[in-house]
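**Q** Single-letter residue listing:
2 protein chains.
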Amino acid sequence: MPLDLGAKGSCHIGGNVATNAGGLRLLRYGSLRGTVLGLEVVLADGTILNCLTSLRKDNTGYDLKQLFIGSEGTLGIITAVSVLCPRKPKSVNLAFLGCSGFSQVLKTFTTCKGMLGEILSAYEFMDNECMQLVERHLNLTNPVAESPFYVLIETSGSNSAHDEEKLSHFLEHVMASNLVIEGTLASEDKKIKALWALRERITEALTCDGCVYKYDICLPVERIYDLVTEMRTRLGKGAKNVVGYGHLGDGNLHLNITTESYSQSLLDAIEPYVYEWTSKYRGSISAEHGLGFKKKHYIHYSKPEKAVFLMQQFKSMLDPKGILNPYKTLPAKVI
Amino acid sequence: MPLDLGAKGSCHIGGNVATNAGGLRLLRYGSLRGTVLGLEVVLADGTILNCLTSLRKDNTGYDLKQLFIGSEGTLGIITAVSVLCPRKPKSVNLAFLGCSGFSQVLKTFTTCKGMLGEILSAYEFMDNECMQLVERHLNLTNPVAESPFYVLIETSGSNSAHDEEKLSHFLEHVMASNLVIEGTLASEDKKIKALWALRERITEALTCDGCVYKYDICLPVERIYDLVTEMRTRLGKGAKNVVGYGHLGDGNLHLNITTESYSQSLLDAIEPYVYEWTSKYRGSISAEHGLGFKKKHYIHYSKPEKAVFLMQQFKSMLDPKGILNPYKTLPAKVI
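As given, the protein sequences belong to chains A and B, one line each in that order. If you count by the UniProt record's numbering, then the first sequence holds residues 1 to 335, one letter each, in order. If you count by the UniProt record's numbering, then the second sequence holds residues 1 to 335, one letter each, in order.
Among these hints, one or two may not hold up.
[What the hints assert, rightly or not] Restricting the straight-line Cα-Cα distance to at most 30 Å, the calculated cross-link-like pairs of lysine-lysine (DSS-like) are: (1) 214/A x 90/A; (2) 321/B x 113/A; (3) 321/B x 107/A; (4) 214/A x 193/A; (5) 240/A x 280/A; (6) 321/A x 321/B; (7) 306/A x 107/B; (8) 8/A x 113/B; (9) 190/B x 240/B; (10) 90/A x 306/B; (11) 321/A x 190/B; (12) 90/A x 113/B; (13) 113/A x 296/B; (14) 113/A x 190/B; (15) 90/A x 88/B; (16) 306/B x 88/A; (17) 90/A x 107/B; (18) 306/B x 333/A; (19) 88/A x 8/B; (20) 306/B x 113/A; (21) 333/A x 333/B; (22) 306/A x 113/B; (23) 113/B x 193/A; (24) 306/A x 321/B; (25) 306/A x 90/B.
In short, the hints are calculated from the structure, not lab data.
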């Protein structure tokens, strides 16, 4: 399956497609817009739209299925999906590394793209604040020396000897260049799962930390952590924790802020500042989580007026009575 | 550039995106629907729709750019494109192989996916009739023993020693298993270009052969050559040459039929038979060439009525006066 994400134990494929879920391996296998080959959708008038095919190429007319991918159920209900699946890799390796700063995280990524090339399947990062949360609330153990940042690199390939050689050359290089303080490698399933847990269970640890304000931002990769640093300064003691982690390879930051209990004044200090900041650097205010109910009014920070107007036209055309997942994704049409 | 195609010397990127061009490396890098990150489009009313971004992830509202990809200029004019480009591979290798039958071509493909895995970047095939045409009309030389089928396999990777090792293990295996009669390898640019020319210049050789009837079909891969064989039997001496080649890795067949001069009776023997045959096996009657002017009335062979109706609604909404590339892609709306 080309898609993998933290919610894999509970999510459904229809929801994944309806929200255009991104996840941990988009870096390698691309987005669902490329890997979904066909869809069956029930439209608002009850008719079934059959775009279900398993062909890799089809240029007969407009690609209707794309409208439903990522439309959060507001244009139709997805009832069947055909997905292009790559071969299961014969060899999977994981490296968990500690870095002394964010510029080292970025340089390690550039080095990694060159030296691991086609076997790189994930490049995730988390800050030390995230590590402290999973240690404190979930009793997980940091496998390397305490560092300001941690990076999780996964390789998936067809030849284990080649993959291990590439990975060890890469590690020698980043250690010798002082990009990485300390690292650990895993190739057995049990250790791989334990290392992934440090990254995948951050959401769970945050829930244990109090009230969570969650943001899912896409930015040019060199800007990705600046937002966390600025937010930390801006909120000061008003926040309990301000943490950053995410899919660095895709420029996708999960910014999370916790407090002991809900605070309207804290929320006012975060929003719309976080959206304005993202918009200033031409980022997306929702990289992979969609807009739903809470963020529909913020769409203008990432999309021009004309685009929103066209989306509203599509909605009116496909769901004239507004019965499909109402009040979500788009702001109400100004008549 | 993730897209490569025979027309690379003369095509334009706006046209590539407007026709959702597939080409030689879709197998590795996926379709433009995944690699195009942003578009700027001029709409029928003259307004500019700015969906130009270089972010890898953005789930704020519907993905409007997808409607314009592959719509053949009928919904808007693409004026700027942002494309996600992979790193240039450090090592490129090519194998040109002769196979004794089509089932050997298919088995070689399955073997190749397993043994070359992540470094496989193209898997093309051509029949011996194609080879004879490029030999006769373009004076190219067959580099291997004459065979019923030829396969061109390209690898692109980050480590030349690893890539060459994978490729030579693969070759030893397919020769020992009698899947391949004879093969030749290339890693220098000049020889690589010469081998690619055999495949890329088939279109040119066909033009020298007389009047050409061209079909661009996507089918389940195991069915892909049956259409050529059936057509050869059906047309008998009515056709000069019936040849098949294409992007086997994507199930994409280019079926071409030549005659000395245009023949309406031959055309009637080909169409709609070729479309009916394709439809029976749930294939696409246009894998990558679009529908344009000539094939718009055949859309029903690959798309259900409801889908065509929706496409016509999109067209009416975005281009109410029908001024954008008129009379193309879709049949006129039945009122």
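**Q** Evaluate each hint against the coordinates.
**A** Evaluation of the provided hints:
The hinted pair formed by residue 214/A and residue 90/A fails the criterion: a straight-line CA distance of about 36 Å is larger than 30 Å. For the hint linking residue 321/B to residue 113/A, the alpha-carbon distance of about 49 Å lies beyond 30 Å, and the restraint is violated. As the CA atoms of residue 321/B and residue 107/A are separated by approximately 53 Å, the hinted pair breaks the 30 Å bound. Under the criterion of a C-alpha separation no larger than 30 Å, the hint pairing residue 214/A with residue 193/A is consistent with the structure, at around 25 Å.
At most 30 Å may separate the alpha-carbon atoms for a hinted pair to count; residue 240/A and residue 280/A meet this at roughly 27 Å. This hinted pair checks out: residue 321/A and residue 321/B have alpha carbons roughly 27 Å apart, not beyond 30 Å. Between residue 306/A and residue 107/B the alpha-carbon distance is near 51 Å, which puts this suggested pair outside the 30 Å criterion. Between residue 8/A and residue 113/B the alpha-carbon distance is near 27 Å, which keeps this suggested pair within the 30 Å criterion.
With a C-alpha separation of about 33 Å, the suggested pair residue 190/B and residue 240/B falls outside the 30 Å cut-off, and the hint is violated. Between residue 90/A and residue 306/B the alpha-carbon distance is near 43 Å, which puts this suggested pair outside the 30 Å criterion. At most 30 Å may separate the alpha-carbon atoms for a hinted pair to count; residue 321/A and residue 190/B exceed this at roughly 62 Å. For the given pair, residue 90/A sits about 12 Å from residue 113/B by alpha-carbon distance, which is consistent with the 30 Å threshold.
Between residue 113/A and residue 296/B the alpha-carbon distance is near 44 Å, which puts this suggested pair outside the 30 Å criterion. A hinted pair counts as satisfied when its Cα atoms are at most 30 Å apart, and residue 113/A with residue 190/B qualifies at roughly 28 Å. Under the criterion of a C-alpha separation no larger than 30 Å, the hint pairing residue 90/A with residue 88/B is consistent with the structure, at around 25 Å. Distance hint between residue 306/B and residue 88/A is unfulfilled; the C-alpha atoms sit about 36 Å from each other, more than 30 Å.
The straight-line distance between the Cα atoms of residue 90/A and residue 107/B is roughly 20 Å, inside the 30 Å bound, and the hint therefore holds. For a cut-off of 30 Å, the pair hint linking residue 306/B to residue 333/A stands: about 27 Å separates their Cα positions. A distance of roughly 33 Å separates the Cα atoms of residue 88/A and residue 8/B; the hinted pair therefore is violated under the 30 Å criterion. Of the supplied pair hints, the one linking residue 306/B and residue 113/A is violated, its CA atoms being roughly 45 Å apart against a limit of 30 Å.
Distance hint between residue 333/A and residue 333/B is fulfilled; the C-alpha atoms sit about 28 Å from each other, no more than 30 Å. Restraint check: the Cα-Cα separation between residue 306/A and residue 113/B comes to about 45 Å, which exceeds 30 Å; the hinted pair is violated. In summary, the hint linking residue 113/B to residue 193/A is supported, as the alpha carbons are separated by about 27 Å, within the 30 Å threshold. The hinted pair formed by residue 306/A and residue 321/B meets the criterion: a straight-line CA distance of about 19 Å does not exceed 30 Å.
Proximity of residue 306/A to residue 90/B is assessed by CA-CA distance (about 43 Å); at most 30 Å being required, the pair is judged violated.
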